[in-house]
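Chains as they are written, first to last, in the working numbering: chain A, 394 to 508; chain B, 1477 to 1588.
Keep in mind that the hints were calculated from the coordinates and are not lab data.
The reader is advised that the hints may include incorrect statements.
Unchecked claim - Listed next, with one range per pair, are the computed distances between beta-carbon atoms:
| hint | chain 1 | residue 1 | chain 2 | residue 2 | range |
| --- | --- | --- | --- | --- | --- |
| 1 | B | 1531 | A | 407 | 46 to 54 Å |
| 2 | B | 1515 | A | 409 | 25 to 33 Å |
| 3 | A | 421 | B | 1531 | 25 to 33 Å |
| 4 | A | 446 | B | 1504 | 26 to 34 Å |
| 5 | B | 1503 | A | 444 | 15 to 23 Å |
Claimed, not checked - Output of the computed footprint for chain A on chain B, the stretches with three or more beta carbons under 8 Å from beta carbons of chain A:
| hint | stretch |
| --- | --- |
| 6 | 1505-1518 |
| 7 | 1521-1534 |
| 8 | 1578-1587 |
Note that the Cβ used here is the ideal one computed from N, Cα and C, for glycine as well.
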Amino acid sequence: AQSVTQPDARVTVSEGASLQLRCKYSYSGTPYLFWYVQYPRQGLQLLLKYYSGDPVVQGVNGFEAEFIKSNSSFHLRKASVHWSDSAVYFCAVSGITGNTGKLIFGLGTTLQVQP
Amino acid sequence: GGIITQTPKFLIGQEGQKLTLKCQQNFNHDTMYWYRQDSGKGLRLIYYSITENDLQKGDLSEGYDASREKKSSFSLTVTSAQKNEMAVFLCASSIKNQDTQYFGPGTRLLVL
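So here's chain A without its partners, still in its complex pose (with noise of 0.2 Å):
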């Protein structure tokens, strides 16, 4: 079956810290990987996605993940946060082999960032 876990609900940091949220999936054709952020009161923003090629993606405000195929996992990362960053993190998962356009979310991670 298609899934995706997000093993932290919550993930508390300090500001300037680096992080790391994870996220793996399982599916059985080829996946393309999103994360996405969910701001208060907002819909979900796209931070960004691998399709395919290199392993490690860039995303939007400092953001990157990295797609490692042996682990089926795609962790995101940033160098340094700042407090505006917190916010709920949210892994999904599409793909090419028979899909009809479904998107398989996690459940989501809070990120908190304390001053």
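Start from chain A and add chain B according to the hints.
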């Protein structure tokens, strides 16, 4: 660029009531989606539509109807609101089935 507009922003209904949520996009995207977001349960797909007048059921379609009368708009109807129901309904669109989805700000539903 483009934008997705969802109306209303807040919706308060009564148990058993039929409630309609509307979504408009000016991206000229082919595919549109409705998701339900519940606290602790992530996003679940209710319906999607790959073109005008097309409807496809998602994982959570029971209790909902949808309508895609125009390429730019996609409506969702809660056929019978459940008491104490509280959720956010998110509309999204994309160029084609497997491409990046762009989301609207959401409609927040509360059923008394």
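Inset, instruction - Give me the numbers of the hints this structure contradicts, sorted from smallest to largest. - result: Those not satisfied: there are none.
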